Each structure stands twice: as C-alpha cells, then as structure tokens.
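Participant: Protein sequence lines correspond, in order, to chains A and B. Under this note's numbering, read the first sequence as residues 1 to 461, first letter to last. Under this note's numbering, read the second sequence as residues 462 to 800, first letter to last.
FYI, nobody ran anything at the bench for these hints, they're computed from the structure. Fair warning: there could be bad hints in the mix.
[To be verified] Only some residues are given here: those of chain A computed to face chain B with a beta carbon under 7 angstroms:
1) T40
2) V60
3) G63
4) T64
5) G66
6) V67
7) N70
8) T71
9) P72
10) V203
11) P300
Just so it is clear, the structure is predicted and the values come from calculations on it, not from any experiment. Beta carbons are placed, not taken as given, at the ideal position from N, Cα and C, and that holds for glycine.
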Amino acid sequence: MPQILMPALSPTMEEGKLAKWLVKVGDSVKSGDVLAEIETDKATMEVESVDEGVVKELLVAEGTEGVKVNTPIALILADGESAGAAPVAQTAPEPAEAPLVPAEKAAEAAPSAAAVPAAPKFEAQNDPDLPEGVEMVEMTVRQALNEAMAEELRRDKDVFIMGEEVAEYQGAYKITQGLLQEFGPERVIDTPITEHGFAGLAVGAAFAGLKPVVEFMTWNFGMQAIDQIINSAAKQLYMSGGQVTAPMVFRGPNGAAARVAAQHSQDFSAWYSHVPGLTVIAPYSAADAKGLLKAAIRSPNPVIFLENEILYGSTGLVPKVDDFVLPIGKARIARKGADVTIVSFSMGMRYATQATEKLVAAGVDVELIDLRTLRPLDSDTVIESVKKTGRLVTVEEGWPQGGIGAELSARVMEQAFDYLDAPVLRVTGKDVPMPYAANLEKLALPNVGEVVQAVKTVCYK
Amino acid sequence: MARKATATKAQTQPNVPQFSNEQDLEAFREMLLIRRFEEKAGQMYGMGLIGGFCHLYIGQEAVVTGITMASEKGKDAQITGYRDHGHMLVMGLDPKGVMAELTGRQGGLSKGKGGSMHMFSNEHKFYGGNGIVGAQVSLGAGLAFAAKYRGDGSVSLAYFGDGAANQGQVYETFNMAKLWKLPVVFIIENNKYAMGTSIERAAATTDFSMRGASFDIPGEQVDGMDVRMVYDAAQRAIEHARSGKGPFILEMLTYRYRGHSMSDPAKYRSKDEVTKYRQERDPIEQVRARLLENGVVTEDDIKKIETEIRAIVTEAADFATNDPEPDASELWTDITIEA
Numbered sequence: 001m002p003q004i005l006m007p008a009l010s011p012t013m014e015e016g017k018l019a020k021w022l023v024k025v026g027d028s029v030k031s032g033d034v035l036a037e038i039e040t041d042k043a044t045m046e047v048e049s050v051d052e053g054v055v056k057e058l059l060v061a062e063g064t065e066g067v068k069v070n071t072p073i074a075l076i077l078a079d080g081e082s083a084g085a086a087p088v089a090q091t092a093p094e095p096a097e098a099p100l101v102p103a104e105k106a107a108e109a110a111p112s113a114a115a116v117p118a119a120p121k122f123e124a125q126n127d128p129d130l131p132e133g134v135e136m137v138e139m140t141v142r143q144a145l146n147e148a149m150a151e152e153l154r155r156d157k158d159v160f161i162m163g164e165e166v167a168e169y170q171g172a173y174k175i176t177q178g179l180l181q182e183f184g185p186e187r188v189i190d191t192p193i194t195e196h197g198f199a200g201l202a203v204g205a206a207f208a209g210l211k212p213v214v215e216f217m218t219w220n221f222g223m224q225a226i227d228q229i230i231n232s233a234a235k236q237l238y239m240s241g242g243q244v245t246a247p248m249v250f251r252g253p254n255g256a257a258a259r260v261a262a263q264h265s266q267d268f269s270a271w272y273s274h275v276p277g278l279t280v281i282a283p284y285s286a287a288d289a290k291g292l293l294k295a296a297i298r299s300p301n302p303v304i305f306l307e308n309e310i311l312y313g314s315t316g317l318v319p320k321v322d323d324f325v326l327p328i329g330k331a332r333i334a335r336k337g338a339d340v341t342i343v344s345f346s347m348g349m350r351y352a353t354q355a356t357e358k359l360v361a362a363g364v365d366v367e368l369i370d371l372r373t374l375r376p377l378d379s380d381t382v383i384e385s386v387k388k389t390g391r392l393v394t395v396e397e398g399w400p401q402g403g404i405g406a407e408l409s410a411r412v413m414e415q416a417f418d419y420l421d422a423p424v425l426r427v428t429g430k431d432v433p434m435p436y437a438a439n440l441e442k443l444a445l446p447n448v449g450e451v452v453q454a455v456k457t458v459c460y461k
Numbered sequence: 462m463a464r465k466a467t468a469t470k471a472q473t474q475p476n477v478p479q480f481s482n483e484q485d486l487e488a489f490r491e492m493l494l495i496r497r498f499e500e501k502a503g504q505m506y507g508m509g510l511i512g513g514f515c516h517l518y519i520g521q522e523a524v525v526t527g528i529t530m531a532s533e534k535g536k537d538a539q540i541t542g543y544r545d546h547g548h549m550l551v552m553g554l555d556p557k558g559v560m561a562e563l564t565g566r567q568g569g570l571s572k573g574k575g576g577s578m579h580m581f582s583n584e585h586k587f588y589g590g591n592g593i594v595g596a597q598v599s600l601g602a603g604l605a606f607a608a609k610y611r612g613d614g615s616v617s618l619a620y621f622g623d624g625a626a627n628q629g630q631v632y633e634t635f636n637m638a639k640l641w642k643l644p645v646v647f648i649i650e651n652n653k654y655a656m657g658t659s660i661e662r663a664a665a666t667t668d669f670s671m672r673g674a675s676f677d678i679p680g681e682q683v684d685g686m687d688v689r690m691v692y693d694a695a696q697r698a699i700e701h702a703r704s705g706k707g708p709f710i711l712e713m714l715t716y717r718y719r720g721h722s723m724s725d726p727a728k729y730r731s732k733d734e735v736t737k738y739r740q741e742r743d744p745i746e747q748v749r750a751r752l753l754e755n756g757v758v759t760e761d762d763i764k765k766i767e768t769e770i771r772a773i774v775t776e777a778a779d780f781a782t783n784d785p786e787p788d789a790s791e792l793w794t795d796i797t798i799e800a
C-alpha cells in the first residue's frame, strides 16, 4: 500500500508543519491531486499525489508541527488493492525505510578528506628532436601564427576561423592575412561585433564535432564571452561524463599593448589558468607560437591561446620542417644556470631575458624558464630548477594577487620548501588599473630593472 | 516581415490540424511518460534522493512532444535549458539513465557528474541540459552552423523560456542566425513566468514571436497546450529551416503547473490560474478525451497504457535508487582528454 511521506521541499529542510489536509479518508485521488499543505519557515507548499487510489488513513493530524521529512503521513489504497490485503502495519508513524536506505548509506560512506583520491599527474612530453642540420627560418611571431593556422586549415577540413575582421580586413593585427584568399568565406568567417554570441556559437559547433579557432580582437573583448568559455566549453566534458567535448581554440592578443589604457590592457593569464577543463598557452618565441598553436588546434580540449600584441612583430628562428608541433604543458629552459631561477612567460620573458643578460654579465648564473603553457603548469621543471638554485623570481605582466607568480610561490613552498635559500619574489604588473599617461603606464608595468633588483635581493647581493 | 498568428487558443483556431489515431496514441504515450516521470522525480526529491535544483516539465509536455514528432529523430539536434527531463525522454534517452543522473548515481547519463541540468547524448544529438539561462541559444545556433558547414541537412532545435528571451546573447544569435541563414528553429517556451516574475513585469513587449522582427526572422505564436498545433507549426518551421531559408521562431504558449523549481511555492500566481490550466487546457487530457471520443481506445486500453508507463517509471526510479554512487576515482576523470 503506497505511503505518502513528509516531503523535503528543499535540500536543507529537515522538518515542517502539516498545515492542512485537503483530502479525507475515503477520497479518491489521482496523480497530481493536492493532498496537503506543508509549512516550513520559508514557504507553504502543496504535496501532490503520485499514486492513484483511495485515501485509507491520515497518519498525522492537521496542524502538527515538527513532522520530520520522510515520515509517512498518509496511506493510499491503490487501485485493485483491498483494504484487507494491506500489508502495512497501521501503527504510529515511523520513519520510512526502504527508499531511504541508499541515501543514508551514501551519507555514511561519504568519503573523509583522507579518502579523496589523488589527482592524476600530467606527464608532459619533451619537445621533438629536430632533424640534424634543419634549416632555421627567421620570421615574426605574426608570421608563425599565420603559418600555423594555414597549415592546420589545410590539414583538417573541420578547422575554421571566426572572429571580427579576420577575413576581408585580413585581421585587425594581420594574423589571419591571406587565409580568406586560400580557404574561402566558408572557413574564414567575419563575425559581427558580438563576442558573447559568436563564442557561444563556436562552442556549439565544437559540440557537434567541428574545430573552431575563435579570434578575439583582443582578450579584453573576450570577457564578454567568458561565460561561454568557462560554463559551456571548459566544463562540458566533465558535466557530460566524458561524452561531449569542445575541441576548439580561443585566441588573440592578451596583456598590455601601448597607451590604450585600462579597458584594453589586461593580462588574463591567471584568470583562465584557474579553470579546470581549459588548456592555457602563452608563448613568447616565434617557434613556440607556431608549434604550440598547431598543437592547440589539434587538441581535443578547449584551449585558451594568449598572444601579445607587442610581440607580434618580434622575430625568431623557426625550424623548417613539414609539421612542427610542440608538446602542450612543457616548459622550456631558455638558459641553464646554477645561482637563481627566473620563471616567466609571454611578454614577461622579454624583461626576464634582458635582465638575465645583465645579470650573467655581472656574474650571476641565471637559470631562465619559459613556462609556455600555464595549464597544465609544468611545475616539475620549476621545482627541479629551484632544488638546484635555491632561489626563485617570477615575472609576469598581470596583477600580483592570485597571479601565476603567486601560484608558483605556493607550489615551490609546498614541494621545495627545504631547498629555498631565500623567499620567492614576484615581479608583476602593479596592483592598479592600467593608466594612460606614458610615464604612469611605464610605472605600472614590470621592467628589466625590477627583475634585476629582485634577483639581487634573493641572492642577498 | 514576421508573420504573426492572431489566435492563440486551440478552440479559436479556424483550422485545427488533425492527428491520425496513431499520432494521438504516440503523443499520449510520450506526454504521459513525461508527466509520470516528473511526478516521480518530484516525489523522490521530497524524499531527499534528488538534490540541488530540480525543474519539472509538468504542464509543458505538448511542446517538446509535438516538436520532436515533427523532427527527424537521430538527425536533428536539440538543445535546451535546465528544464530538460522531458526533452530527453521524448528523444528516446533511457529513462533509467535520466533518473539515475537526477539521483547522482554511476549509471546516470553523465555518470552522476552532471545532475538534473547537465545531460547530453551525442548518439541522440541532444546537447543539454544547460544551466545558464540563454547560453543554449547561441550554442544551438552553433549546432546549426555545424549542420550547414557539413551540409548534412539537419536542423537545430533550440528551446528557451520567456525569461531567457530577455538575455542579450539571444539577439546576438538571432542576428548571426539570420545573417548566415542557419538551419535553426528557436522555440520559446513561454510559460508566463521567469521563475517568479511574470512576463508582464519582465518584458517590454510580451509577444515573443515578434522578437526576431528586427532581424527579419519569421515568428509564430502557437497554442503550446495542444500537441497538434505544436506539431503543425513545428513542421512548417523545420521545413523552413531545412530548406535553407534560415531561422524561424516559434513561441509556444504553455504553462508549468509546478513551481519554477522544487523549492518554489509559486505564490506569485493565483491558485485559480493553475486550476484553470489543469482543468481546461491540460495537454494530456486533451488527447485522452479525443482518443476516447473517437473510439480509438477504451478506458481499459488507457488503463493498460498507464500501467505500462508506470512500470517504466517505477523501473527507472528503482534503478536510480539502488544504483551505486560514482566511484571516488571519477572525481578526476573527464576533465580534459589526454591527447
């Protein structure tokens, strides 16, 4: 015989008042009929019948306070059931058993903190060996990014590019130059100025199996789309239990440009690196820009690819091989050294590199690490270096609080505390919105002198 | 210019499209499954077996049933917001998997990691189950973009509510969908209340079928309580989209009997209003009455169908109650795919 139980009206409700019965013994009820009104401190709610039959007994009187959730409050005689055949002992209310067992069991079995399984460790691959005598071609970061996209568009018909001014205008920063001419308007698509909309549209296309490359004219505008990036793209695989993914790249210039003030000068490295489900890449050199963008486009995961406007025109040597793809998640040791470790990425590497030159000239043997990927973060390379040098300085353009340097400091403190000979120091952008005035802007950004000074401080020089 | 149906009630429509007996029977079964499933879910929520948010589809069954009957199952993609259980049941997803996801068990469609608002199926081309109001509209246009890009002839059916219809990205999406002639049907399930705020208190204009007018997207208001009207309008809208003419908006005038979610006492509307819909407009009762009136089935046949549906729901509930919770190791899976 179906029992009507005192329902929980919210996940936190434990008891309530049975305010009013709307049926009486002998009434016929069907699914959806309101049986009673229940009052909690928050609201009055109606209890509807799920079963069909005749009300056999009301077990809790109208007006009773403090009725515990899941207490039987009425008995319904189901169609075809005879009163005599009722198997339930008609005694005072007692807590229902059968349906609740699994939930209780679940609560008992709730894992304690100690039972949390260990996170799997990400194993990054090393950079591929280049063929001996490979030709190195000098090109700008801009050309490297352009080549990467062109090669991937040629390789896979599911890859397409969309964004503002990427096609006919040839890219606001000319990163997509020539792509429209080679691949046509079906695959190189100018969008309206509608970041939230086209980011969401691209995520939907990725759900359906395409591999969109979404260009934000700058990452500052990408903030309009951050809900789709995080709530739709990043979490999709997990929420679907591994069924649906978003194989796609969001890319564009990140960080401070020059004299464009607060709304157009912001480093989103730490923001996106916070989010599980995303891969975050921030290259410095032309070779890394090419090899990592190709890897990003091939990745089955949503990738945040953070470029830098000021670096677009800088040149570097890129190996001339058929398919130059670099591993995601692997830092690059730009210079080996023994005295102090400097870790940076993207534009920060420019300050770090120049500082390293000065420091080496002054006799400090610097180990310089370019993270290249910010999630998954290659802390192994950093930890190993710090175990050797005992000193760490981090360099980034972003704000200090909750930044990449803060994260590295924490990891080094957790994993290499005993090896440290000095506190970790962070060189970061100042904790202010970016000012417009040339002198103030310069003050707001990190500079070579600050990196040199930080290294001297941790070396007690 | 957008076309607008002037009449909104079935009885005032000059030409109510007729269903064959088979269609009526199919609609009856599908809608009854949703109704009984949702009632069961509500009961299990009350027992503490389902946690968090749980948004029931009771009252709105004719919308997803009529649309899905007019679509090509397995070919056309569907996507909706958080009131998604009915969509999955009609699309043929396993009721056991849906219910076990509600209870957060390993046999749930998302292994218990998604919950009521996050379920998906590549196989059935169902893309959620989306918890952020309005996000499914641009995602749905993306599904249509992929259909057009591949030329596979499929259509995307993107559902959202009268509340979501006030989100900015909806209009960003309308613009692109029309600009690029994407094969998408936007289905606005207007159940009159965005959580507790009535459309009159939230919308400057309450005729949502006209919301595409600025983009020259045709729209129609449809009696969403009559599955035949829904089916008929959906056929036209889907054909429009499939034939390359671009998006179409269907505003479904519907009603949810329960609160916005389980913990909503729905004090913002009168009891009479709810009772009136239940007694006079109920989508399932309309079909039941028609089946009996036309002599298609007897009361006994109806009872038999109800028993069958109850058995499916009971089986789903039992499975969802007894299936174990996901293994602790699932905490760390499905975050990214290792390349």
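Participant: Look at each hint and say if it fits the structure.
Facilitator: So, going through the hints one by one against the coordinates:
no., hint, result
1, T40, "violated (9 angstroms)"
2, V60, "violated (15 angstroms)"
3, G63, "violated (19 angstroms)"
4, T64, "violated (17 angstroms)"
5, G66, "violated (17 angstroms)"
6, V67, "violated (13 angstroms)"
7, N70, "holds (6 angstroms)"
8, T71, "violated (11 angstroms)"
9, P72, "violated (11 angstroms)"
10, V203, "holds (6 angstroms)"
11, P300, "holds (4 angstroms)"
When held up to the earlier numbered hints, the structure conflicts with 1, 2, 3, 4, 5, 6, 8 and 9 and fits the remainder.
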